[in-house]
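2 protein chains.
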Amino acid sequence: MAFDPASLKYDANGLIPCIAQDHENGDVLMMAWMNADAVAQTLATGRVTYWSRSRAAFWVKGDTSGHVQHLVELRVDCDRDCLLVRVHQHGPACHTNRRSCFYTVVRDGAEVITMEPMTGAES
Amino acid sequence: MAFDPASLKYDANGLIPCIAQDHENGDVLMMAWMNADAVAQTLATGRVTYWSRSRAAFWVKGDTSGHVQHLVELRVDCDRDCLLVRVHQHGPACHTNRRSCFYTVVRDGAEVITMEPMTGAES
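Those sequence lines, one after another, are chains A and B.
The numbering of the first sequence is numbering that gives the first Met the number 0, which starts it at 0 and goes up by one.
The numbering of the second sequence is numbering that gives the first Met the number 0, which starts it at 0 and goes up by one.
Derived by calculation from the structure, the hints in this document are not laboratory data.
Do not rely on the hints blindly, as some may be mistaken.
Treat identical chains as interchangeable: a pair holds within one or across any two.
[Unchecked claim] Calculated lysine to any residue pairs in the SDA-like style (CA-CA distance at most 20 Å, straight line):
1) Lys8 x Leu42
2) Lys8 x Arg79
3) Lys8 x Tyr102
4) Lys8 x His94
5) Lys8 x Ala35
6) Lys8 x Asp78
7) Lys8 x Gly108
8) Lys8 x Trp32
9) Lys8 x Gly61
10) Lys8 x His87
Please put together the full structure from these sequences, using the hints given.
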């Protein structure tokens, strides 16, 4: 069946959540939002492109930071209301310069930070 | 720092998206929603508990299906508006009886189903 971004289920703001997963090691890197045009652009360009809710603009991941996400594979979930992209992540995915946004673990009722910001050499 | 579910950022409906990841192999299994009480219950019971938007009720994963998710670890993202739970998943996570909800891959512009429903023996 041909894939049509319009066939996905978007929320009241026309957005769908998209989980980015590191293709190399399976780590979940981040979650952000796409609209139908961002989905289409991501597939057309191979550069993962979100919709920035705060800026109300396309967010071609890495255009400002250099921390590009190259699309390896896009998956749709059973309800068609969530996306999963497997990516080659260049450098950190998180704006805190950590590889993943999910660096805070709840352990025995306390928050524990488990990752340090990456240095330039690791990018 | 002590973890307080009230410190998370919920949407206008009081919900936060939660990604479930297979602790054994890193596969992303599903995404669903929690409210603050569901977060607290998940931590207190070790049984991953969502908020069902369609039923407007707590959804203790596996209570009906038997396909329980045992919590291994809960993580909070940098913006505190998304959760990641690493789980021991008993049987399929998806209501279609597939291990993961993300069984549809977009490949060369077409949707390709990459997983079959599990049989009872695999559960």
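Right, here's what the structure says about each hint:
no.: 1; hint: Lys8 x Leu42; in the structure: within (17 Å within a copy, 30 Å between copies)
no.: 2; hint: Lys8 x Arg79; in the structure: within (6 Å within a copy, 24 Å between copies)
no.: 3; hint: Lys8 x Tyr102; in the structure: between (29 Å within a copy, 17 Å between copies)
no.: 4; hint: Lys8 x His94; in the structure: between (28 Å within a copy, 18 Å between copies)
no.: 5; hint: Lys8 x Ala35; in the structure: within (10 Å within a copy, 25 Å between copies)
no.: 6; hint: Lys8 x Asp78; in the structure: within (8 Å within a copy, 24 Å between copies)
no.: 7; hint: Lys8 x Gly108; in the structure: between (36 Å within a copy, 18 Å between copies)
no.: 8; hint: Lys8 x Trp32; in the structure: both (13 Å within a copy, 16 Å between copies)
no.: 9; hint: Lys8 x Gly61; in the structure: neither (26 Å within a copy, 25 Å between copies)
no.: 10; hint: Lys8 x His87; in the structure: neither (26 Å within a copy, 29 Å between copies)
Against the hints set out earlier in the document, violations occur for numbers 9 and 10.
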